[in-house]
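K.L.:
We have chain A already, so just place chain B on it with the hints.
Going down the list, the sequences are from chains A and B.
Take 3 as the starting number for the first sequence in this note's numbering and just add one per residue.
Take 117 as the starting number for the second sequence in this note's numbering and just add one per residue.
To be clear, the hints were calculated from the coordinates, so they are not data collected in a lab.
Errors might be hidden in some of the hints.
Unchecked claim - Distance condition first, Cα-Cα at most 16 Å in a straight line; then the derived EDC-like pairs of lysine to aspartate or glutamate:
no., chain 1, residue 1, chain 2, residue 2
1, B, K239, A, E175
2, B, K176, B, E314
3, A, K194, B, E250
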Amino acid sequence: MSMKNNWQHRWRKVKSSMVSGLCLTCAVVVIAPLALLLFSLVKKGASSLDLNFFTQLPKAAGEIGGGMANAMVGSLVLLGLAAAVGVPIGVLGGIYLSEFGGRRLSWAVRFAADILNGTPSIVWGIVIWALVVVPITGFSAYAGGLALGFMMIPIVIRTTEEMLAMVPNGYREAAYALGIPRWRIVLHVVLKTASRGVITGILLAGARVIGETAPLLFTALGNNFWSHNLSEPINAMTLQIFNYANSPFPDQNRQAWAGALVLILFALALNVGVRIMTRGSAPHLVK
Amino acid sequence: MTPQPQLPALKITPSAQSEPPPPAPAQAAGKPATFEVRHLNVWFGAHHVLRNISLQIPSKAVTAIIGPSGCGKSTFLRSLNRMHDLVAGSRVEGRITLFGQDLYGKEVDATLVRRRVGMVFQKSNPFPTMTIAENATVGLRLNGVRQRSLLQERMERSLRMAALWDEVKDRLHANAMSLSGGQQQRLCIARALAIEPEVLLMDEPASALDPLATAKIEELILQLKEHFTIVIVTHNMQQAARISDQTAFFYIGELIEFDATGRLFTNPSKKQTEDYVTGRFG
Chain A
3 MSMKNNWQHR WRKVKSSMVS GLCLTCAVVV IAPLALLLFS LVKKGASSLD
53 LNFFTQLPKA AGEIGGGMAN AMVGSLVLLG LAAAVGVPIG VLGGIYLSEF
103 GGRRLSWAVR FAADILNGTP SIVWGIVIWA LVVVPITGFS AYAGGLALGF
153 MMIPIVIRTT EEMLAMVPNG YREAAYALGI PRWRIVLHVV LKTASRGVIT
203 GILLAGARVI GETAPLLFTA LGNNFWSHNL SEPINAMTLQ IFNYANSPFP
253 DQNRQAWAGA LVLILFALAL NVGVRIMTRG SAPHLVK
Chain B
117 MTPQPQLPAL KITPSAQSEP PPPAPAQAAG KPATFEVRHL NVWFGAHHVL
167 RNISLQIPSK AVTAIIGPSG CGKSTFLRSL NRMHDLVAGS RVEGRITLFG
217 QDLYGKEVDA TLVRRRVGMV FQKSNPFPTM TIAENATVGL RLNGVRQRSL
267 LQERMERSLR MAALWDEVKD RLHANAMSLS GGQQQRLCIA RALAIEPEVL
317 LMDEPASALD PLATAKIEEL ILQLKEHFTI VIVTHNMQQA ARISDQTAFF
367 YIGELIEFDA TGRLFTNPSK KQTEDYVTGR FG
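Just chain A, same shape as in the assembly (with noise of 0.2 Å):
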């Protein structure tokens, strides 16, 4: 075989750098979008984030200045609510599929929660508006927290599932040749070294719903002022920003760019958090 350069091997090297430029192509526009995010966001909300922003109450349309304290607290409120609902649900549901689903059963759950996660959000509020608003609650932050809580269990439900799952079935050997019974193993050593993994799958929930419109336009409304009941209509961030980006008053504009601002740093941060904290579960499961 001849070591020179010929022809066949020039090719070569010409297709692979074209590949090679391919894949780094398509990783930069995966990039791309979320640098060019943050980036338009705090060229255009970063100059709005003043201690009003974060302390007042929003001013009357077409006067200057406020701020969305009550979205903020709002937002948090019904991401409470969410978690209410959506939490013991999803974590409970994930350990039957994990740890004691029949077959059938869990087939059936597993399709339920796939279908339901791929539901468009504006659905889950229509529903829950003719289902619950209208016959019951009204418009109302329970309402609100329902519709968001219905959205986190499939994805709580199937992060639980694949978390228990990867616990090594030695430790539940360990547990059962101790004799403790089925419940303490399930709840003290199954779901105890999988913690971390659930944790994160509700935090990632949490951060999923908490950017939630649709599903808030039907059911907590929102409203200009504090809430002090939880069975009357309650602001959202995102609600706010909806109503502010459609206005035509240049102030409210300019609040709807900071709003964004942080409603997309509070997402980052419970994402970053998740990754920090997966970092160091990763000597309980991985072995």
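P.N.:
Leaving out everything else, chain B in the frame of chain A:
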């Protein structure tokens, strides 16, 4: 699903005592038996893993189970504490008694069986979310024991019995995963001992350990047999020869020979045993 072959139901004479006792090594004849196994058959689905095993396991002695891979050694061991209950599609027939009590009786709760028959696994598996102290007492705590002083006392005692106390007494609250492999395995032994079982089953407890750690485990086994009945599965025939009082040779699901360890290794009565212990197959 493949249909399970219909096997004729096993006939157990109502008074099992009228049957001649299952085989036991001659030197153990006087000692009371911990386990009496009669006509034990185990299936996984359609796979007949153990065939008609009958033997007696003497008390406060080390019984080794040897044989090539896949011959049913672990399956036999796990039938002694009903671990097969957890495997879908497994089926156990025959009779195993622990000090005369039927382990597979209808009214017998498997979790109670497992509290009396402890087990140590091939791969050390201390719980990674717990400290050394928590691992040692987990069997008590998760069985409802709350009393601090009792937990403290049992922890120290079981760690001492497992020859681990001196190495860990200054870091009881460190994570169990910070221990070496051999220490982790001894912690698993301590964990099993803390609930005060009558029997300790060991499934190749030293096969993943280096020679020094193995020597410690073997020394420990010799000490523990003063108090417990020990049944150990091992791949390592030299290990069986070093530590056991009697040895059972399993081959393809059958008990070929069961005798005093010295005799089984030096003067086996079956050709297959001789071929295996002299290394002609396996």
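K.L.:
Going back to the hint list, which numbers does this structure go against?
P.N.:
The structure conflicts with no hint, since it agrees with every one listed earlier.
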